[in-house]
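A.B. asks: So the protein lines, in turn, are chains A, B and C.
So in my numbering the end of the first sequence lands on 350, straight run, no missing numbers.
So in my numbering the end of the second sequence lands on 350, straight run, no missing numbers.
So in my numbering the end of the third sequence lands on 350, straight run, no missing numbers.
Be careful, since some hints might not be right.
If several chains are the same, the list does not tell them apart, and a pair holds so long as it fits within one copy or across any two.
[Said to hold, decoys possible] PhoX-like, lysine-lysine: derived pairs with alpha carbons at most 25 Å apart:
#1 K171 with K83
#2 K111 with K321
#3 K321 with K83
#4 K83 with K111
Calculated from the structure, these hints are not laboratory results.
The lines below spell out each chain.
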Amino acid sequence: MGAVMWLKNCWYVIAWEHEISSGEFLARTVIGEPLLVYRTSTGEFVALEDRCCHRHAPLSLGRREGDCIRCGYHGLMFNAKGACVEVPGLDRAPPSLNVRTYPVVAHNKWVFVWMGDPARADRNLLPDNFSNDHPDWHTRPGYIHYETPWLLICDNLLDFSHLSFVHEKTLGGSVLIAQTRPDIERIDGPGQRGLRISRRMSGLPAPSYYHRIRPLPETINRWFIYDFLFPATLLMNSGGRPVTDAEGDNRNAVLLHSCQTLTPETETSTHYFFQQSYRGEARDEAIVDGIHKSVILAFNEDRDMITAQYRNIRRDPQKPMAPLYMDAALMQFRRLLDEAVAAENATG
Amino acid sequence: MGAVMWLKNCWYVIAWEHEISSGEFLARTVIGEPLLVYRTSTGEFVALEDRCCHRHAPLSLGRREGDCIRCGYHGLMFNAKGACVEVPGLDRAPPSLNVRTYPVVAHNKWVFVWMGDPARADRNLLPDNFSNDHPDWHTRPGYIHYETPWLLICDNLLDFSHLSFVHEKTLGGSVLIAQTRPDIERIDGPGQRGLRISRRMSGLPAPSYYHRIRPLPETINRWFIYDFLFPATLLMNSGGRPVTDAEGDNRNAVLLHSCQTLTPETETSTHYFFQQSYRGEARDEAIVDGIHKSVILAFNEDRDMITAQYRNIRRDPQKPMAPLYMDAALMQFRRLLDEAVAAENATG
Amino acid sequence: MGAVMWLKNCWYVIAWEHEISSGEFLARTVIGEPLLVYRTSTGEFVALEDRCCHRHAPLSLGRREGDCIRCGYHGLMFNAKGACVEVPGLDRAPPSLNVRTYPVVAHNKWVFVWMGDPARADRNLLPDNFSNDHPDWHTRPGYIHYETPWLLICDNLLDFSHLSFVHEKTLGGSVLIAQTRPDIERIDGPGQRGLRISRRMSGLPAPSYYHRIRPLPETINRWFIYDFLFPATLLMNSGGRPVTDAEGDNRNAVLLHSCQTLTPETETSTHYFFQQSYRGEARDEAIVDGIHKSVILAFNEDRDMITAQYRNIRRDPQKPMAPLYMDAALMQFRRLLDEAVAAENATG
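Chain A extracted, bound-state conformation (with noise of 0.2 Å):
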């Protein structure tokens, strides 16, 4: 729990596309640094540092002027690219006043921002998240806020065995689940960089929010298909079908996609954006609502957990945990992130 050393070159997302309204700020702070992202005239979204580079004010605290922002404090107007084009008082401002501006895209309803060398930031590293913005796939946005380390969450999305006792009576509802073991296969692309992870189960009892999408057997199979992205993306294939169907067969399946992602907003606490889609031909407003519970419902039992876990954590920050068999994931994304990080730091 030391000082976090942060990945930087990299796309985390900073919102969900509604929150910023046309004329408004949205304020928040990703890896410690606190941001701005207001969207121009023309659209284009905008993320400033929200710390005016005279004494520090939060610019969110100031004003809209067009398409430019003024401190409320003493005044200083920094244009889009974060340029200071006004100190009241001065007939112009000197060249050398500005505030970081970080680069920003929104795609498919995330808003991105990039948090290192803004040379590098490139639309390719997008995640493919899809699902949040299509005709095919019926959904709603869902945001919960963490007062722990990122990386704990990390952690229990890299290990889905916790389904069957986190969630036993939400989105688990078998110890089947648990006890298959995933396949594990690093991702390691020109754009993305992670883990894919697989885990398909047979003849267990589908979770009851399933039921409320379409009529299922008893039993189905089931099957939960994810990539866990950097920084801290997870894009997931899952659902179930009766036993009966082969597989690819999806008459009679249901089929989600989810798009779920953390973060990091200081070293103790975490943004989590996620929504979990329904494929179907036509949006069943009960069914999106059905589900949307159903996961909220089930992450905040897992921020329950995780909280009292790093409750335990910080009473003993040494003390060794027990590695299992079902870590390999969750090892293996660590040891990723922190060569990522390394090497980084190193090429600057």
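The hints should help you fit chains B and C onto chain A, whose structure is shown.
C.D. replies: The following block gives chains B and C in isolation, referenced to the frame of chain A:
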């Protein structure tokens, strides 16, 4: 207030017996270690480290399965000896997997845990807290929680001169208590270590709650005779009788026995278990209630004072205190304790 | 934000006089030291260290006995000179037992304490806070508490350009205030040290609360002339008159005098005592009330801004600020203060 070295080879009270009903967990922290206490189907008490050896989740968030505890995070199951007996997905749990267990005994309604070397746990070292559970003594269990280090509360209990001031209107009632010097004897038996403190006062008014126990004349003789034993248990005979009655003549006397004990929760917080009983042929619920309320009222007076004292100490932890004659017992006890802790750490 | 070195040989305001009624204590912390202030039977103010020398309990939890204070923990009694005059159970208190006393004077409704060498306490160093208590000036006392270091509030008071932005709708009302450069003079008299700041603006609208004092034309001339004196006391003449009236012609002018002072409570919290009075032949309670409410509203605007600024500073305390021309006074004051603290620590 640096890093505390705790006395470990001793019995700390973790709970009143009634707090641990069958089938339920009690989670409580003792000297910084999270513990889980429960009773097996045969009524035995079990104290386990409340931290799964796998990822440090509190076991108290899990569930009973027979006399075992299953962790609520990834489903590891531990038996009452702390051994891991099941890891979901493994045929056999690795034999090295276990959580720590602590010797635990119930004795006169208090449940004690032994925080040091289990081989040295010895029932002969339990204090004689008989009045918690005795047909001739009538009482009700009490508990309060302090947000202060336990030693400041030990100090308070080792110098009853504060009764004249902190408890002027409750337990005290006369400056004579402060003006009377107690006898202090060292207790260094094979079983118990600590101090015996005896304070006898003549011709002072009885505190108002004495009058609720039995009729007394306006002035009485009064006494407090107590042992203060490692780690921090007070066992006290106190009472009052008419000044005209000889010592030992209890026909018209109020006779009280009190068992109180401090259990450090963390370096800066403390559990306080206590009761004060009166001797009488039959239990009178109104008297029990009156004594209990008086004691609670008075202990809140102590807590207000000690909490404020601690606030001042934190402002300037290095500032020396001015020792006075009434600090004799508390200084002696602190020295005995320091020696005992040092000896424990020297010999292991 | 490291360990603060305080200026000690100066008068800090600890209270408004009316806060200390006869027979009562006021407990308040100044530059980290807990103090107790009360008035003797003859009306003299007394300031004692609010920490018994015995076990560090706050004396303010004790009680008055005549002009003495008896500690509520173990009954030590101290006189108004801080000497211990009684230890219960001792015939005579040890002569070395005492608590620190602080020179204290009331002056125009403010109660001042001298935190340094008592031999250097000098009434001639008191500020001229006359308008707190003057028949021609009408006002009401104010107090707010900050959870920020005092220097950030000094900064605020030393640069009134913020009035155009923080107080745009309250005390300010025109960007002309920020655009006008003040004169800054050093005050280095035998009695007072600090800065005199003069800002005069022509042809701007009056803030709305001026109109509640007297009828004014749409645009006025306006001025702020204030001394900012060690440790952190602002004494200000301000006001406005019709642009057609000559300087010095006060027949149609609004004339205000303000006394404000910051007293550090701890390194990260501050007491703020203030009033703003208007000059008038007779007191008009509605006007007094209107000014008071305007000032409170505006000072809450400051506090919101400075609290947010402090939050940003704590995120990255090493990050440099960009100095601008409007920081001239605050930088000069911080330098004077550093020099004064260094000198004090050099000479003792």
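A.B. asks: Each hint should be assessed against the structure and marked as holding or not.
C.D. replies: Hint check results:
1. Neither within a single protomer nor between protomers do K171 and K83 lie at most 25 Å apart by alpha-carbon distance, with minima of 50 Å and 29 Å respectively.
2. Within a single copy, K111 and K321 get their C-alpha atoms no closer than 41 Å, and across copies no closer than 34 Å, so neither meets the 25 Å cut-off.
3. Taking CA atoms no more than 25 Å apart as the test, K321 paired with K83 passes between copies only; the shortest distance there is 21 Å, against 47 Å inside one copy.
4. For a Cα distance limit of 25 Å, the shortest separation of K83 from K111 inside one copy, 23 Å, qualifies, whereas the shortest one across copies, 52 Å, does not.
When held up to the earlier numbered hints, the structure conflicts with 1, 2 and fits the remainder.
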